[in-house]
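Asker: In case you want the letters, here they are:
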Amino acid sequence: MVSGLINANPVVYEKKERRLRNLATLPDEYAVEPIDQQEIFDILFLLFFLLLISFHYASYCYLIFLTFLNHIRDIKDPEHPYSLEELKVITEDAIEVDHERSYVRVTFTPTVEHCSMATVIGLCLRVKLMRSLPSRYKMDIRVAPGTHATEAAVNKQLNDKERVAAALENPNLLDMVDEWPNLKHQLLENVKIRTSAKKKKTNEMDELISAKSIINVVTLLSDNIRDVGRDLGKSIGIETTKSSRVKWGIS
Amino acid sequence: MDLLDGNLELKEVQKLQGHTDRVWSLAWNPATTATDVPAVFASCSGDKTVRIWEQSPSTRSWDCKAVLEETHTRTVRSCAWSPSGKLLATASFDATTAIWENVGGDFECVSTLEGHENEVKSLCWNASGSLLATCGRDKTVWIWEVMPGNEFECLQVLQGHTQDVKMVQWHPTMDILFSCSYDNTVKVWWSEDADGDWSCVQTLGESSNGHSSTVWSLSFNAKGDKLVTCSDDLTLKIWEADIIRMQSGDGYAPWNHLCTLSGYHDRTVFSVHWSRDGIIASGAADDAIRLFVESKDGLMNGPSYQLLFKKEKAHDMDINSVQWCPGEKHLLASASDDGTIKLWELATLP
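So the sequences go chain by chain: A and B. Counting from 1, position 234 in the first sequence corresponds to residue 234 in full-length UniProt numbering; the numbering is continuous, with no gaps. Counting from 1, position 254 in the second sequence corresponds to residue 254 in full-length UniProt numbering; the numbering is continuous, with no gaps.
Looking at chain B on its own, in the form it has when it is part of the complex (with noise of 0.2 Å):
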């Protein structure tokens, strides 16, 4: 479908309660979006908890199917699934990551990593799933290797954040680490060699035409030479990298500023999220969701972006995340302050 010649609309599928707190962050499932397999993702709260959320194949509904408590003791503030979908790896304030596998349809906790001082904030697997990597407010990023029999080996400590680090991300392909701070910078962390170290190669800060406040979420595109990223200084970034260059082994390539996208936001911007086919959803402290696409006649100097729909009190309060069901394709997953996770479906007007 052409989106821009549309007219979109943003329908609210369903509304899930549950949650008694805040709810923080949001991850689908990536093994259960095919066809025959009932879609499911996961959120985690300020109510210390994590619930297990699946669709009926029946009658489409979304339930809540799990709730993990009694294991973090502070606010859990990030989850993520590994690429099999078979563990859930739940960062807390409480200075621990816990990895849960699906036992016969019960979540057990069969391993707690320790090793951050305090808060850890956003954990990310890599493409193959044989890497974690945790970040917390003790401006370190950790990474550690999958072994087996559910142990998990600390490979390294990244130090190079001067403030806490805010969220991690893997390059879809590639084993490439992103990490974005209150520092105002994002990192880029690579290993030249396959079992060497890995080390800063690159800073996006504010004299790369990098964000002026704290940058909370970034988002590969699809093909993964495009990143975004979102801030406390209401824009969106575009970066862009010779992914070619680097997949044929020619050493590091670069991440270049492409385009800002400011004017849009009214508060801080806590997450962004590209979608397989090209748009990017952004979640707001304004309670807005917003959609971006690239504009087909901004050609003449470079790739732009333009607004596509923009849903004003999607929710009650701050938005914290936004999140793409990697299957179906326009159905997007949202997290608030207000307690809520709504589904959404992006749907032309007849």
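Just chain A, same shape as in the assembly (with noise of 0.2 Å):
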């Protein structure tokens, strides 16, 4: 069993700071205008706007973004428990919608060239767009450009709805997507333990979710998430070999 992850050491980034923003520019947003990816960002303030505007026309799609940036920024790389949003796996500017016509694009980074798991975060991002959204929506999931070996082929194959829907029907793929939660709950745990092995105090967390203590549990669940993994590209898929690191199985 290999025991190291595919990508042991992945660039953590800071998570972008949710500032509130100057009431001053409330005036200007009396007009229906295509949606600022700076201000949809800016949660705090706009769940604050939306109370005020709740009769305006623009209420409803900001609402609906809010739903679904506060859904897909939570998501976990199954390979590492840091948010896709602090492994730069999801950014603001990824995300194109244009409410008009219903529709949603969703630009992922696999965090190293040849991550293995790019489809299966393709899906978990589709699902949770597909619990979360209105059923009018559209949506694309891709790889961004020059990210991953396989581009073209993760593209495809997270577009392809009857692959997906198949896919879906694998009950560890639905387990995976509400387990992550837990991975986060068992994290915190696995923390807990150490910490009072170590005679701290439990309300120092923050600082002692270190990169070295997340890869220490992910370590532990790491083969349970690799076997989902396989068992999920099996589903859709993908080959696996031997030393049970996924494969791609396009030629």
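Take the hints with a grain of salt, since some may be wrong.
As the list claims (entries may be wrong) - Below, computed lysine-lysine pairings styled on DSS-like, alpha-carbon distance capped at 25 Å:
#1 A/K161 with B/K15
#2 A/K138 with B/K310
#3 B/K329 with B/K11
#4 B/K329 with B/K296
#5 B/K329 with A/K161
For the record, the hints were derived by calculation from the structure and aren't laboratory data.
These two chains come separately, so use the hints to put the complex back together.
Answerer: Here it is, written out as structure tokens:
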């Protein structure tokens, strides 16, 4: 069994800080305009803003956007329990929304060029979006251009709804999507145990969740994740090699 | 009626609800389209069931007559009636194909065909009803012979596609089999002598003016000398072959690219169906139904096709299947991700 991670040392980026916006800009917001990415990421402000203009046409569109941003920014890379936003797998620039055409496109960047989990990440993004967007929305999920060795093949798989439908009938995938909050929970539990062993205060949790401690925990979980990934791979047509690394079954 | 001159409208006749998940496919029973027999069609869905719909002769409205359930354990991806209309075959993601027989109004599963490694995606009976073809994600196409007593024997497993096979379709008059695939190609399978093995005699790929992405479906015109294919590359393509030469036994006549209908569709085209009187209907992921006909003024540079009508927002979600009723001339059924089936009538406005 391979014990190491496929990408053991991911570059971790800081999450974008949510700042409060100057209310002086408010009057401009009454006009129906194309969605401004910065505004969208200003979650706290917008929630407040939405209450203010809840009768306004645009509010519904913003609400939709917020709903799914809240969903996808918290999705975990199956290999690392950082959120995808922290790993720069998903950034605000990578999300395009056209509310008039009810269209969403998410572009994600796998953590390494040959990241075998790209399809899994993409599928999970799709599941989360499907659950959080109104059903009329069309979506395309794609790997950022030039970031993945088999970019075209991954994109094709992610956007073939028949293969996605078949994969979603695999209970392992849905379990995995549903399990992700638990991974975080397990991580915290693990840190707690370590903390108490070192007799530190548990409320210093944030400092304790260092890259190293996370990787330790993920190593414990990774076999399980990799099994899920392999089953999932099988269900959507990815072949695996003896080393249990997932390999693309695409020539 | 001259379609090109009239103001056309695709009128919604009825919306059928009942499936609890996306409807993948539907099939008209060919034996029920005579005037004295009520029309019947089957639909299949992600809810693992098949539904049989029948038109009431008195009220002309459509009702669900039967729900075929508890046989398939996963999505039922497609269904097809035998030419006699007595048997219904269903293909499922559970890797099996089921054969159903109508016994006094009740549908019984009389046979289950196992062999595909995983999802079975499509199936088709040949013109005489003696052969059944199935295909699936395992990249293979299987040809089954129909034996007495609802027995099915696998004659051959055809290998050649490099990715999953999305659909199989027999030629309407001859035993030539067509398969389209995620590998962007359409393959033509033919057996030179009646008892021989089928082999791939032609591949319609990108290098022969074929599609540049997944080919989802194909359909023949009434004569069987033309073929239309639809794809994830947002185009329809029309192909032509010298069918007379083949019918006279002069060997295989290859299919040649005739024209490409591009610029009409905004998202993947999942389904295409050619009516007996020459109208091509397409159903796509942009929720629209489009109708195309051969245009009259294109004869100088060979035949060309034009958009006859476009029904925007025909459904609330992707359209997975469009099928013309073989009997009534301009009745079209469509199946969608929104879980509904709609029946449409093509009518000219006064």
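Asker: If any of the earlier hints don't hold here, list their numbers in rising order.
Answerer: Hint 5 contradicted; others consistent.
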